[in-house]
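Enquirer: Let chain A serve as the given structure and place chain B on it in line with the hints.
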Amino acid sequence: MEWINNLSAEQQFALFSLLKILVTVFAVVLPMVAYSVVAERRISAWIQDRVGPNRVGPWGLLQPAADGLKFILKEDFTPNYVRKVYFWLAPAISMVPALMTLAVIPFGTKIGNQNAVISDLNVGILYTFGIVSLSVYGIVLAGYASNSKYPFLGSIRSSAQMISYEIAMGMSVVPVFMLVGELNLTKVVEYQASGAWIIFKQPVAFVIFLIAAFAETNRLPFDMPESESELVGGYHTEYSSMKFALFFLGEYAAMIAVSAMMVVLFLGGWTLPFAGLNETAESLVMGLLQVGIFIGKLLLFMGLFIWVRWMLPRFRYDQLMDIGWKRFVPLALANIIMTAIYLYLTYKK
Amino acid sequence: MQDALFYIFSALTLLCGILVVFNPFSRNPVTSAMFLVLTIISMSGLFVLLNAFFLAAVQILVYAGSVIVLFLFVIMLLDVKEEEKRQFQKFGTFMGLISVIGLAAIIISTTNQTFTIANQSEAATIKQTFNQSGSAETKPLGKLLFTEYVLPFEIISLLLLVAMLGCILLSKREEPKEGVK
Chain A
1 MEWINNLSAE QQFALFSLLK ILVTVFAVVL PMVAYSVVAE RRISAWIQDR VGPNRVGPWG
61 LLQPAADGLK FILKEDFTPN YVRKVYFWLA PAISMVPALM TLAVIPFGTK IGNQNAVISD
121 LNVGILYTFG IVSLSVYGIV LAGYASNSKY PFLGSIRSSA QMISYEIAMG MSVVPVFMLV
181 GELNLTKVVE YQASGAWIIF KQPVAFVIFL IAAFAETNRL PFDMPESESE LVGGYHTEYS
241 SMKFALFFLG EYAAMIAVSA MMVVLFLGGW TLPFAGLNET AESLVMGLLQ VGIFIGKLLL
301 FMGLFIWVRW MLPRFRYDQL MDIGWKRFVP LALANIIMTA IYLYLTYKK
Chain B
1001 MQDALFYIFS ALTLLCGILV VFNPFSRNPV TSAMFLVLTI ISMSGLFVLL NAFFLAAVQI
1061 LVYAGSVIVL FLFVIMLLDV KEEEKRQFQK FGTFMGLISV IGLAAIIIST TNQTFTIANQ
1121 SEAATIKQTF NQSGSAETKP LGKLLFTEYV LPFEIISLLL LVAMLGCILL SKREEPKEGV
1181 K
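Line order of the protein sequences matches chains A and B.
The first sequence lines up with residues 1 to 349 when you count with our numbering.
The second sequence lines up with residues 1001 to 1181 when you count with our numbering.
Worth flagging that the hints you see were computed from the coordinates, not collected in a lab.
Quick caveat: nothing in here was measured; it's all calculated off a predicted structure.
Some clues are possibly wrong.
Pair by pair, the computed Cβ-Cβ distance ranges are [to be verified]:
(1) A:Tyr81 / B:Thr1093: 30 to 40 Å
(2) B:Leu1165 / A:Ser283: 53 to 63 Å
(3) B:Gly1096 / A:Trp88: 27 to 37 Å
(4) B:Val1162 / A:Ala334: 17 to 27 Å
(5) A:Thr346 / B:Val1062: 27 to 37 Å
(6) A:Lys326 / B:Val1062: 42 to 52 Å
(7) B:Leu1161 / A:Val25: 34 to 44 Å
(8) B:Thr1093 / A:Asn6: 52 to 62 Å
(9) B:Leu1141 / A:Thr346: 24 to 34 Å
In silico DSBU-like cross-links for lysine-lysine, where the CA-CA straight-line distance does not exceed 30 Å [what the hints assert, rightly or not]:
(10) A:Lys74 / A:Lys84
(11) A:Lys110 / A:Lys20
(12) A:Lys348 / B:Lys1143
(13) A:Lys149 / B:Lys1172
Short derived list, chain B residues pointing at chain A, Cβ under 8 Å [as the list claims (entries may be wrong)]:
(14) Ser1010
(15) Ala1057
(16) Val1058
(17) Leu1061
(18) Ala1064
(19) Gly1065
(20) Val1069
(21) Phe1071
(22) Met1076
(23) Thr1138
Don't be surprised by glycine CBs; every beta carbon is placed ideally from N, CA and C.
For reference, chain B alone in the conformation it holds in the complex:
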């Protein structure tokens, strides 16, 4: 049952992911965005299979529920017809291929390192502590975030704040002075 679900969800993730960037039937950006939603939902299905309910819920809440809605918001205000006419760009395709190959190399080398024999005992202890603390619980995650990883956590939150302030500053136009038009 779990295996079958894993294959279904991973196939869906890959298929929808491909359809986001390369859709032979439609060049409509809204369709791409909707496939991105499907990708994220099937990815959260994979998280559920890993007993990471918190991540699954947050994935849907943040990405499917807010980020892509904002994408749609912007796409719908753009000139969609112009986008539909555009052809595949050679430069973009080339760069895309290079980044795919690079990413694949990184993933393969990391998984190779993770599954060496030396690491297997470590993996077993991690798994054990995971099971003891109750992997589905949100508490251990919160505790780790606010004790061991508090510095990276705070740095990330500061970065997000800076990005937000930057957005507000850039989008806010200077008010024209009175009498000058």
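Chain A on its own, in the form it takes in the complex:
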């Protein structure tokens, strides 16, 4: 590995950043997406007292490979009344933002002598919210491009839903940053490593964020844009083959991204409060163990997402809007003011 040391600092930075991006996206996130689809099917089968897909490989573990092959081999049908450019653009746009969000998530401390975060941005949380807010374009354009009634209704509903819940979501994290005093996500984890996790200090913010996360990722009980019983398939009614698969995978990638955010903001990121696991890793094993802890916490949330989907019925559209605007926004505002009062009273000159 002599040649790595010979590179200039800038070249090393570029090389390791590229390596981190490739490993996170292709070796961690995409397999995780594929297997959360399997997990969803197995858990739903288990909840509904069925068997589920168990034929491909041991315990059905090779199911993603079979599904992928099927998606590639199916005919990619483009109806002739769609708007072609947007029809092709929409699935790509729905997948990319979820992957981009992961760039600022600190998933550990150090691996070797590299920081375990792709980009240690000072305005990390604003970046994530900015990118998450772009993900609505995938759905809006899909509905517009399809040029037919059901997808259009689905996408109109979805844009209203996502904008409404983004406000509640954004307001719910403000108290977190009032406590931490920084917008950098690495600093948020360091703050939690030295004290209690933020979920214990800001339970209200956590609950609002969690529920808004369900709405943002279009999961049941808030899957208005899809709602099969009234809109056929919602915004992806006209899509088939790999284009449909991209929407499908994009939903799971968004779930992973939002779970990672919740782990970092509320559950202490890569820390566990014993065995020196909340300090900067000295050795490679410790570094990898911390990444493992992070992924473990993330899977906990993925399990919660799947579990809730098969437990609760869908909300009505007006109920959804009522909860968002008349319950969560005022609650989040009250939470901000209460935190401000608390900080003012405990402020030491």
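Expert: Relative to the frame of chain A, chain B by itself:
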């Protein structure tokens, strides 16, 4: 590297900006809105090159993420085919040209004033304080907003509130009284 990125982003900003208002291939308002999104994203790229990460993030969050989504929302509910048939209006083109010329004059005169020799030492001190406080930090910005510029800040927030209330008032129809239809 930085120079190359600057030219790429500014070329993209200009190109997409032109395509928003003058697109020879399509008269579709949705296409214009999507080019507006691209313009804003490349503009936030320029902000990043200036180390103004906060502005870059807010630019995407507010404009690309919310304002233009609402634009799309309205456009999609309009009759788009009617718009596609419309020709360029002479009056609009003329007024547009005049405002472009006026704006260019203002920008040229301000940049001329900013780069006079008398101002260079001042610019250097500004740059120095900027570097000392850590330009990428959000804290100095927040401090300035809530100390030195608190009055304009509050006035702007009040203006936004008034605009919002006005919208709600205008869009809320009077409920017809019972029995009268």
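Enquirer: I'd like to know which numbered hints this structure contradicts. Please list them from smallest to largest.
Expert: 6, 14 and 21
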